[in-house]
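Q: Using the hints provided, position chain B relative to the given structure of chain A.
For the protein sequence lines, the chains are A and B, in the order given.
Quick note on numbering: the first sequence equals residues 1 to 267 in UniProt numbering.
Quick note on numbering: the second sequence equals residues 1 to 257 in UniProt numbering.
Note that these hints are calculated values from the structure, not bench results.
Treat the hints with care, as some may be off.
What the hints assert, rightly or not - Simulated coverage check for chain A against chain B, where a stretch passes if three residues somewhere in it have a Cβ under 8 Å from a Cβ of chain B:
hint	segment
1	55-67
2	92-105
3	109-117
4	162-175
Just so it is clear, CB atoms sit at the ideal spot from N, CA and C, and this is done for glycine as well.
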Amino acid sequence: MTAVAEAASTQAKPRERWTDNKWVQRAIVWGALLALYELLAIILGDFYLASLEDIVSGFGQIVEEGRIPTVLTSLEHLLVGFALAAAVGIPIGVAMGRSFVVDQVIGMYVRGLFVTSLAALLPLLIILFGVGFRFQVAVVFLFSVFFVIVNTAAGARAVPRQLMRTAEAFCVSPTRRFTAVVLPSSLPYIVIGLRLAVANAYTGMVLAELWVGVGTGGILKNMGQNRDLPKFFAMVLLITALAAFSSYLIRVLEKRLMPWAKEVRAA
Amino acid sequence: MTMSAQRRNALLLRIASLVAFLALWQWYGSDPIHFATPPPTEVFPALWEGITEGEILGATAGTLATLSVGLVISIVFGLILGFAVALFPWARNTLDPLIDAAYAMPVTMLIPVIGVYTGLDFRGRVFIVITYVLLVIVITTSTGVRDVPRDLLETGRAFGLKGRELWRAVILPSAMAHIASGISTGVARGIRGAITAELLLIAADLGAYILDAQARLLTDQLLAGILWTLLLGYVLYAAALWLERRLVRWRTLGDLA
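Isolated chain A (complex conformation):
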């Protein structure tokens, strides 16, 4: 029980009841929500909401209609853009975190683009790159790279001063200092940056595809316009699961590759 819940609860502690089990509670509330949704879907009709069994069969229809290869192509764009963002973002982030001059010279652009509305850049990107592969990759890249840079920079800044001093005192060469001290202690931040970046990369991917009506976004646009809601919702659930899974995958890799890493907060 958390400190606050403790403070808020009354002094006398009631005995454990079977409704205190969280899975019992989940079964009740989630069941009620699903039933409510189903009821709404029946009342409103299939123009407004797709019933649950239709959504389930929607998954089958997506596969039968051969939509999966399209989704895979979208994921390929996502992967290329994301890999580019990591390859470019990590070195820039380290440079920003370790060097005062670099931080001052490019930090303001990075932080500015990190918080602002990148969607506004899409019309320019279309003129520059057309509507094909390069455009899709560029949008995914833009939507993910700043998360990588900002968090990597925070990690490189957070290298314990004592550790650096010790390394200097033992005459460890700058290159070795970098690989043995700076990188290991920034890695947890880099990983959290990558996780946020991949989540945002999905937003970028969908946005770019909706814009030009190709790939997964194009399918969603068509299904939405035809009010093919069972398939639409099935597709949305599929992409959401993929996005959650990608972020989970990075987390698992982190646990496997560096079990010593501590939990850090995103910048």
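A: Showing chain B alone in chain A's frame:
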């Protein structure tokens, strides 16, 4: 290096960087091959023209209206939900996983269908802003209320505070820090939602200004619109951060001193 010398160096470096950026842009944009990116000497007059003729300011007012209505609704419902999740075990056990799942969803995907429920105009744009902002407020509020530092809580108890007094003097001020930073993040996400809606749902306000320039291939006006929109997002977030720092400092000093 003294503090002021470092500050002066930082300022000089930033100015030099900005000048270099503009010079580079001027050099790149002046080349007729790069017709899509006209130089600053064409973009800034276009921006000035857009502002003085009222087109940009009118569009900005529309965007800000969408943003503020969406923000207010998100904050009201986000606080209610956040407090519910933090205080009632039932709400926490059942809603937390749903919130996490919803947070993983790229909400932009919903744009093709939401017009039917909300209309494509103002209400639809406000709805998209809410989908971008609401969950952040819920999450920061519930963590803020839940994660009151234990020593603060103990100190409050040691001074004989309990129930409502403990809430007023310790829990709420401590949660305020989280909530305020959630609202700042909400402003940044909200403007992204508003601009995305104006560009993709149906052309409106600043989105319409940009799309119109693109359609007519007025690249100077296009870049002016994009630059203005990027700056707007940045300025709004910076203002929210500034407000957050003032607000939170006042709360903690006022109530703990």
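Q: Taking the hints in turn, state whether each one holds.
A: To see whether the hints hold, each was checked on the structure:
no., hint, verdict
1, 55-67, "violated (count 0)"
2, 92-105, "holds (count 4)"
3, 109-117, "holds (count 6)"
4, 162-175, "violated (count 0)"
In terms of the numbered hints stated before, the structure departs from hints 1 and 4, listed from lowest to highest.
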